[in-house]
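Those protein sequence lines, which keep their order, are chains A and B.
Quick note: the first sequence uses full-length UniProt numbering, first residue 1, plus one each step.
Quick note: the second sequence uses full-length UniProt numbering, first residue 1, plus one each step.
Incorrect hints may have been included.
Sample of chain B residues facing chain A (criterion: CB under 8 Å; computed from the structure) [stated by the list, open to error]:
1. ARG36
2. LEU55
3. LEU60
4. ALA76
5. THR81
6. GLN114
7. THR161
8. LEU184
9. ARG187
10. GLY190
11. LEU193
12. THR197
13. ASN284
14. VAL781
Some chain B residues flagged as far from chain A (calculated, every beta-carbon gap over 12 Å) [unchecked claim]:
15. LYS53
16. GLN137
17. VAL308
18. ALA381
19. ASP557
20. GLN561
21. PRO687
22. ALA727
Cut-off 25 Å, straight-line C-alpha distance, at most; resulting in silico cross-link-like pairs (DSS-like, lysine-lysine) [as the list claims (entries may be wrong)]:
23. B:LYS7 with B:LYS30
24. A:LYS13 with B:LYS7
25. B:LYS584 with A:LYS13
26. B:LYS30 with A:LYS13
27. B:LYS7 with A:LYS160
28. B:LYS584 with B:LYS543
29. B:LYS573 with A:LYS160
30. A:LYS41 with B:LYS323
31. B:LYS573 with B:LYS543
The set of hints was computed from the structure by calculation and includes no laboratory data.
The beta-carbon is built from N, C-alpha and C at its ideal position, and this holds for glycine as well.
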Amino acid sequence: MIQAILVFNNHGKPRLVRFYQHFPEEIQQQIVRETFHLVLKRDDNICNFLEGGSLIGGSDYKLIYRHYATLYFVFCVDSSESELGILDLIQHLLIFFLIAPKVFVETLDKCFENVCELDLIFHMDKVHYILQEVVMGGMVLETNMNEIVAQIEAQNRLEKSEGGLSAAPARAVSAVKNINLPEIPRNINIGDLNIKVPNLSQFV
Amino acid sequence: MVAPSLKLQDLIEEIRAAKTQAQEREVIQKECAHIRASFRDGDPLHRHRQLAKLLYVHMLGYPAHFGQMECLKLIASPRFTDKRVGYLGAMLLLDERQDAHLLITNSIKNDLSQGIQPVQGLALCTLSTMGSAEMCQDLATEVEKLLLQPSPYVRKKAILTAVHIIRKVPELSNIFLPSCAQLLHERHHGVLLGTITLITELCERSPAALRHFQKVVPQLVQILRTLVTTGYSTEHSISGVSDPFLQVQILRLLRILGRNHEESSEAMNDLLAQVATNTDTSRNAGNAVLFETVLTIMDIHSAAGLRVLAVNILGRFLLNSDKNIRYVALMSLLRLVQSDHSAVQRHRPTVVDCLQETDASLSRRALELSLALVNSSNVRAMTRELQAFLESCPPDLRADCASGILLAAERFAPTKRWHMDTILHVLTTAGTYVRDDAVANLTQLIAGAQELHAYSVRRLYSALAEDISQQPLVQVAAWCIGEYGDLLLEGNCEETEPLQVEEEEVLALLEKVLQSHMSLPATRGYALTALMKLSTRLRGDNKRIRQVVSIYGSCLDVELQQRAVEYNALFRKYDHIRAAILEKMPLVERGGPQVGEEAKESKAAAKLSEAAPVPTEPQASKLLDLLDLLDGPSEDAQHPSPLDPSPGGALVQLLDLPCAPPRPAPIPNLKVFEREGVQLNLSFIRPPGTPALLLITVTVTNSSGGDVTHFICQAAVPKSFQLQLQAPSGNTVPARGGLPITQLFRILNPNKAPLRLKLRLTYNHFGQPVQEIFEVNNVPVETWQ
């Protein structure tokens with residue numbers, strides 16, 4: 001079972017915090033801080049597994065993390081999860097976070113790495129919704145990219161159809177229509193991550 | 001409210017624009033005030049936006065509890081936009097400890113049944129994240145209905161929600177069990193993944209469910225086979241491996257189902273072999289699947305060849321350049337080391353190499369595994385490696401490494417001297433990290449090994465002269481110097497270099513320890529007592545010692561003061577018994593491993609033979625207490641005061657010592673032990689050519705209904721004998737007269753002294769550990785005359 005998913009930047013500022021087991025608020029913040037300190041001490045060329053800190057769980061729990069540019073993705077899992085599998089999942093999650101919000105962003109930044117973190121920052125709620133399609137109740141729900149993106153799209157359509165207060169959704173829609181698809185990178189290369197982006201034109 | 005409320009994005013921009021923590025706090029507090037006002041006013045249109053902002057600041061660590069009721073209102077709203085944020089808020093802000101959480105139960109129930117998929121999805125997600133036991137009980141039937149709905153999206157979410165429900169309320173498992181069989185026929189991977197997770201959860205909780213699902217093993221094997229042999233499919237494959245997550249889950253379930261179940265294990269053998277040999281290991285996804293396969297192979301009743309293949313795969317992974325792979329390989333080997341010890345031993349050199357890793361996680365795992373791999377044949381080599389590691393390892397691993405080495409040394413030490421050297425080395429390298437009982441263990445060991453006294457005291461003296469900061473070392477050294485100071489000054493010991501030590505040097509060293517600010521109070525106590533003991537061991541006069549002792553009579557430390565005052569009194573008023581009190585100490589009794597016992601025996605017996613020609617030793621009475629160890633409660637060696645100073649009386653008591661008369665018994669066999677059907681018999685042979693040699697064959701039989709496992713027999717004899725134990729034929733005696741264990745003892749008895757034998761047995765019987773210690777006094781006379 002996955003106990004928590006934490007994403008924070010190189011300075012420890014939380015970007016996404018999701019616990020699948022209840023902790024009081026102060027403890028949650030403490031866990032984020034402690035995890036950050038633990039993970040910060042690690043060099044870049046050593047393994048991605050850490051015995052967990054004292055706050056989360058006990059000796060059964062470990063931290064599996066990946067460091068991409070300015071972000072740390074940390075999963076706190078127990079022994080029932082496959083370590084290598086979770087590493088793959090983190091990689092997947094990054095793709096989902098990168099691709100799916102792309103259809104909401106009204107402007108595309110030039111520097112790719114900044115887009116990654118900024119996307120997470122400015123669309124915190126959307127990121128949660130995406131996460132909910134991948135991991136639910138501490139267990140892996142779905143790993144098929146097409147399914148997840150399709151679901152997000154369906155939800156967005158539902159939201160748009162309900163109308164809205166401001167023109168923001170309408171602007172978003174037109175922005176989406178105007179997105180020049182070839183600008184969505186075909187290949188994502190960050191650090192050791194090499195992903196070939198699937199064709200999403202059917203969703204726009 | 002005059003100004004229109006900020007959008008989430010705008011708030012985020014403002015927060016990011018804040019340059020300091022204080023500024024950020026100010027912005028957020030202002031905004032929270034607005035949000036609170038908006039909640040009070042009950043504005044329905046903007047509510048979702050306000051809650052979204054609140055959730056953002058909540059993530060940054062600011063209080064957000066006043067948004068809880070708003071979550072409820074948003075969930076109850078018919079709009080999807082509202083529900084979405086409301087449910088998210090419920091998951092982040094509400095939990096079972098607040099009473100408010102029950103209020104959303106009704107909303108969830110409505111949302112589950114109204115048929116709009118995204119909404120159903122939200123409701124299920126919330127239930128599976130924060131659903132309490134009461135909520136789960138109320139909503140279980142609703143969730144169950146959704147398990148067999150047409151839409152796979154809803155179904156897969158319902159399945160995982162069912163897992164959560166079972167975790168919270170195990171009694172509800174029965175509701176979900178029947179649907180599982182049908183769900184296994186699904187082709188949708190998301191549904192399959194959830195189903196496997198659900199079945200795994202059910203099997204882990206209930207043995208009945210486990211038996212039920214063992215019937216579907218063939219089906220699972222089929223699903224996995226399809227996955228493995230399917231070609232590349234863009235939808236599910238990661239790096240060319242078809243849906244590795246699903247494969248891993250199925251392998252885990254197969255592991256649980258095949259454990260201890262012959263039939264299931266057989267059904268999966270072929271497939272596991274196929275996966276193990278055909279998976280592409282060049283990418284992480286393939287390795288994840290391969291690891292699970294290896295673990296599954298080792299856990300079920302698999303063919304021997306397959307097990308060897310599996311361990312070899314792990315060995316290969318140990319050499320992989322990717323550190324993550326090495327880490328997982330080390331962890332897996334650690335899991336296997338108990339059950340397949342010899343297979344893992346083959347990879348010992350590689351494991352030891354991993355100790356050199358700079359990565360702390362890896363070296364920790366390598367340390368654990370190395371310690372588990374130490375056995376009597378490789379103990380010297382392994383200890384050398386571990387000691388080298390101890391010198392260079394990071395501080396947080398030192399304590400574990402030190403105690404690991406000491407434990408291994410205790411269990412497998414080939415000779416006492418090696419044991420002593422090892423402990424000494426650990427103390428000098430990592431003295432501050434050893435456990436507290438290491439000091440006691442070492443003093444026990446040294447005291448027991450009489451032949452090592454000279455050697456130990458010299459080595460310890462040299463170590464102490466170099467460095468007085470490592471407290472355990474200082475304590476042991478001080479004790480040793482106190483006890484065996486006379487041996488230290490004697491001059492030559494053949495096992496170390498000749499060391500010429502003057503009395504003054506010894507005293508100066510102990511005083512240095514006493515005065516050093518690095519010494520703990522306990523250490524200083526040791527040093528003071530050692531000084532005192534030296535007053536009888538050294539040949540010079542005791543002026544210096546008396547001086548020190550009287551100074552410490554006014555020491556601020558109460559313990560030291562008390563000691564010093566008492567010692568002072570010894571010098572002044574009780575000088576005539578000073579020598580008696582400060583004599584060499586007898587061995588402290590301790591329920592320990594064989595080393596201690598054997599030493600105890602020889603020490604006690606040594607006292608027996610040495611006491612006779614030295615009648616002035618008043619510790620003869622102490623001696624007789626010791627003999628209780630040998631003779632058992634049936635003897636009447638009871639003497640009250642340990643410090644009876646009259647020598648004559650002691651001698652008389654000594655001569656009164658009853659010896660157990662040997663009972664005549666036929667030579668062939670002697671039954672010495674029986675318990676619950678387990679019997680131990682001794683048979684004796686005296687080879688004609690060598691009158692001093694006696695061969696004893698120990699036979700262990702088992703007529704009971706339970707197997708005897710992990711059988712170990714240890715023996716001790718009085719000092720004048722020499723005992724050699726040969727390796728036993730095995731350590732298991734099957735039940736109901738299974739093949740017995742035999743073990744040969746060779747005893748040399750040059751003095752033709754009466755043979756006494758003390759035996760210690762440890763074994764497992766009927767699942768319980770058993771330890772028996774007993775004496776054999778009734779060996780036939782023909783064995784030793």
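Each hint, compared with the structure:
| no. | hint | in the structure |
| --- | --- | --- |
| 1 | ARG36 | violated (17 Å) |
| 2 | LEU55 | holds (7 Å) |
| 3 | LEU60 | holds (7 Å) |
| 4 | ALA76 | violated (16 Å) |
| 5 | THR81 | holds (5 Å) |
| 6 | GLN114 | violated (13 Å) |
| 7 | THR161 | holds (7 Å) |
| 8 | LEU184 | violated (18 Å) |
| 9 | ARG187 | violated (13 Å) |
| 10 | GLY190 | holds (4 Å) |
| 11 | LEU193 | holds (7 Å) |
| 12 | THR197 | holds (6 Å) |
| 13 | ASN284 | holds (6 Å) |
| 14 | VAL781 | violated (59 Å) |
| 15 | LYS53 | violated (10 Å) |
| 16 | GLN137 | holds (17 Å) |
| 17 | VAL308 | holds (23 Å) |
| 18 | ALA381 | holds (27 Å) |
| 19 | ASP557 | holds (35 Å) |
| 20 | GLN561 | holds (41 Å) |
| 21 | PRO687 | holds (56 Å) |
| 22 | ALA727 | holds (37 Å) |
| 23 | B:LYS7 with B:LYS30 | holds (15 Å) |
| 24 | A:LYS13 with B:LYS7 | holds (21 Å) |
| 25 | B:LYS584 with A:LYS13 | violated (66 Å) |
| 26 | B:LYS30 with A:LYS13 | holds (21 Å) |
| 27 | B:LYS7 with A:LYS160 | holds (17 Å) |
| 28 | B:LYS584 with B:LYS543 | holds (22 Å) |
| 29 | B:LYS573 with A:LYS160 | violated (102 Å) |
| 30 | A:LYS41 with B:LYS323 | holds (17 Å) |
| 31 | B:LYS573 with B:LYS543 | holds (16 Å) |
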